[in-house]
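Line by line, the protein sequences are chains A and B.
Per this note's numbering, the very first residue in the first sequence carries number 1; after that it's consecutive.
Per this note's numbering, the very first residue in the second sequence carries number 296; after that it's consecutive.
Read the hints as simulated data drawn from the structure, not as lab findings.
From the three backbone atoms N, C-alpha and C, an ideal C-beta is built for every residue, glycine too.
Treat the hints with caution; some may be incorrect.
[Said to hold, decoys possible] Label-pair distances were calculated between CB atoms; the ranges are:
hint	chain 1	residue 1	chain 2	residue 2	range
1	B	V372	A	R40	56 to 62 angstroms
2	B	A415	A	P183	58 to 64 angstroms
3	B	H499	A	Q16	27 to 33 angstroms
4	A	Q16	B	T548	31 to 37 angstroms
5	A	R37	B	V372	18 to 24 angstroms
6	B	P539	A	R282	51 to 57 angstroms
7	B	P413	A	L153	52 to 58 angstroms
8	A	R120	B	Y370	35 to 41 angstroms
9	B	P413	A	L149	21 to 27 angstroms
10	A	R36	B	A415	36 to 42 angstroms
11	A	P183	B	H327	46 to 52 angstroms
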Amino acid sequence: MAVEHLPVAARESLDQEIEGLDALDAPRVERERAARRAWRAVWPKLAAVFGVLAVWQIAVWTGWRPRYVLPDPARVFSELAMQIGTVVFWSAVATTMRRAATGFALAVAIGTALGVAVSRSRIVRRAFGAFITGLQSMPSIAWFPFAILVFKLSESAILFVVVLGASPSIANGLINGIDQIPPLLLRAGRVLGARGLASLRHIVLPAALPGYVAGLKQGWAFSWRSLMAGELLVIIEGRPALGSQLQFARELSDAPGLIAMMLVVLLIGVLIDSLIFAQIERRLRERRGLVDAAA
Amino acid sequence: MEPSIAQAAAPPEIPSAAPPAIRIRNVSQTYHGGHSAIQALDRVSLDVAPGEFVCLLGASGCGKSTLLNLIVGLYQVSAGSIDVGGRRVALLFQEPALFPWLTVQRNVEMGMRFRGVPAAQRRSVAQELLRLVHLEGFADRRPHELSGGMRQRVAIARALAQQADVLLMDEPFGALDAMTRDVLHDELEALWSRSALTVVFVTHNVGEAVRLGDRVVLLSSRPGRVVAEFPIALERPRRIDSPPVAGLAAEITDRLREEVRRHGR
Numbered sequence: 001m002a003v004e005h006l007p008v009a010a011r012e013s014l015d016q017e018i019e020g021l022d023a024l025d026a027p028r029v030e031r032e033r034a035a036r037r038a039w040r041a042v043w044p045k046l047a048a049v050f051g052v053l054a055v056w057q058i059a060v061w062t063g064w065r066p067r068y069v070l071p072d073p074a075r076v077f078s079e080l081a082m083q084i085g086t087v088v089f090w091s092a093v094a095t096t097m098r099r100a101a102t103g104f105a106l107a108v109a110i111g112t113a114l115g116v117a118v119s120r121s122r123i124v125r126r127a128f129g130a131f132i133t134g135l136q137s138m139p140s141i142a143w144f145p146f147a148i149l150v151f152k153l154s155e156s157a158i159l160f161v162v163v164l165g166a167s168p169s170i171a172n173g174l175i176n177g178i179d180q181i182p183p184l185l186l187r188a189g190r191v192l193g194a195r196g197l198a199s200l201r202h203i204v205l206p207a208a209l210p211g212y213v214a215g216l217k218q219g220w221a222f223s224w225r226s227l228m229a230g231e232l233l234v235i236i237e238g239r240p241a242l243g244s245q246l247q248f249a250r251e252l253s254d255a256p257g258l259i260a261m262m263l264v265v266l267l268i269g270v271l272i273d274s275l276i277f278a279q280i281e282r283r284l285r286e287r288r289g290l291v292d293a294a295a
Numbered sequence: 296m297e298p299s300i301a302q303a304a305a306p307p308e309i310p311s312a313a314p315p316a317i318r319i320r321n322v323s324q325t326y327h328g329g330h331s332a333i334q335a336l337d338r339v340s341l342d343v344a345p346g347e348f349v350c351l352l353g354a355s356g357c358g359k360s361t362l363l364n365l366i367v368g369l370y371q372v373s374a375g376s377i378d379v380g381g382r383r384v385a386l387l388f389q390e391p392a393l394f395p396w397l398t399v400q401r402n403v404e405m406g407m408r409f410r411g412v413p414a415a416q417r418r419s420v421a422q423e424l425l426r427l428v429h430l431e432g433f434a435d436r437r438p439h440e441l442s443g444g445m446r447q448r449v450a451i452a453r454a455l456a457q458q459a460d461v462l463l464m465d466e467p468f469g470a471l472d473a474m475t476r477d478v479l480h481d482e483l484e485a486l487w488s489r490s491a492l493t494v495v496f497v498t499h500n501v502g503e504a505v506r507l508g509d510r511v512v513l514l515s516s517r518p519g520r521v522v523a524e525f526p527i528a529l530e531r532p533r534r535i536d537s538p539p540v541a542g543l544a545a546e547i548t549d550r551l552r553e554e555v556r557r558h559g560r
């Protein structure tokens, strides 16, 4: 190729001009220290938690409900501390997390395949596009009677509903991501020789990634919700799970235990969102320059 | 105002005896949008010699971009013919159209990736090209960290990495400030003069066309049609503000205005 053999001749003044312009245009940005950044992210959350606890405590003090129905935070946290020391608690967490991981993984596989199919084929889109959105708005708990009929009171019934709850969101996220790719990028890809699968792998999917991740995040939230609903209804003997623990606590009128379990469910949901999805989203946005430096 | 059509119908003169790098014959293109149809190009004929730098000049609606998209094969030619003799054609857009999720280096490598060039070779070619556009220090940056001019240079490197014989440029410096644009003119001229590249450069900036081109081809608007050609025999390297360039630019501007006025009636 002709260009490779070009001598980079002595064009010093031009070179200097270019370097000068570039240095002015692209300054290096100093990064904030990790600890400082973490603190700045954490303190508003801590403040919010304390605010909620304060409201709760005040509600208890007013005597709005008897203490055996609405215990104070201290009572709930001591119950939680006690639970954390038991084998049953960890076994319940393990069962629930295993189901969550399996269900979500299945939903990702199915949702992704569906999303690619819909966005690549006009016919598939016409056939399933509206259907997927319809599925997404259907409350997952409405599927349980059917799931229990088909799969009996088994883990498969729970997974079935989790997958149905999560995969439409994931598919829709991917479809939206692909629909929102700037046409110019696709044309740039085509001019560079992108065709078929290579185009999908190197242009379409990376370009659609922000929408896809948003879909995954929503899909996770839906699958966690469906899972809790499932575990309340489908209780398998001898296999404690977070949802079934909730149900047992209610049956025993064990308010502190019930609220402690709810806190665990909430905490796991928040942790997974903030430790996994929020991190992925932040990195994506930073890389693509979608973060306002002044903010 | 009709002699322009006679001029357009005659095949353009080719200075050299070599067969043209791009041969455009009677190309017409019509867009159908809703109930209306717009004729973008009307029997455009143009030859571009190998190694020539041709600037296509015209006001809005002259079908400049359409013509480039036809040459590169993004659109199908509906009437007439375009022959590039099997040459590899690269197209540069007005916007850099870099892939924001990739580093500068990987952006440059993208075309080679699609051709199946091994990774090690991809890397070295990309580094060489980044050196050529004076961005070797920015290989690991992301597009958003660069200025508009730097991004456009990355896009140039990415287009060159296609090992193209023909480089089509669609108002590539239109969105840049004057200072950066002047520097990029020098850069592009230096790059072209040291290679065998054939360049077709679309612009609506007359000064830029005279600054860069061996030949300036004036297109009319709606429909696009070749109305006049101006060989630019000025010595290189040129300056956009030098008296001969400015004088010729003024002359061509008058002709362009005349074209635009015809649409006012």
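Okay, the hints, checked on the actual structure:
no. : hint                                  : result
1   : V372(B) / R40(A): 56 to 62 angstroms  : holds, 58 angstroms
2   : A415(B) / P183(A): 58 to 64 angstroms : violated, 33 angstroms
3   : H499(B) / Q16(A): 27 to 33 angstroms  : holds, 31 angstroms
4   : Q16(A) / T548(B): 31 to 37 angstroms  : holds, 33 angstroms
5   : R37(A) / V372(B): 18 to 24 angstroms  : violated, 55 angstroms
6   : P539(B) / R282(A): 51 to 57 angstroms : holds, 55 angstroms
7   : P413(B) / L153(A): 52 to 58 angstroms : holds, 56 angstroms
8   : R120(A) / Y370(B): 35 to 41 angstroms : violated, 21 angstroms
9   : P413(B) / L149(A): 21 to 27 angstroms : violated, 57 angstroms
10  : R36(A) / A415(B): 36 to 42 angstroms  : holds, 41 angstroms
11  : P183(A) / H327(B): 46 to 52 angstroms : violated, 19 angstroms
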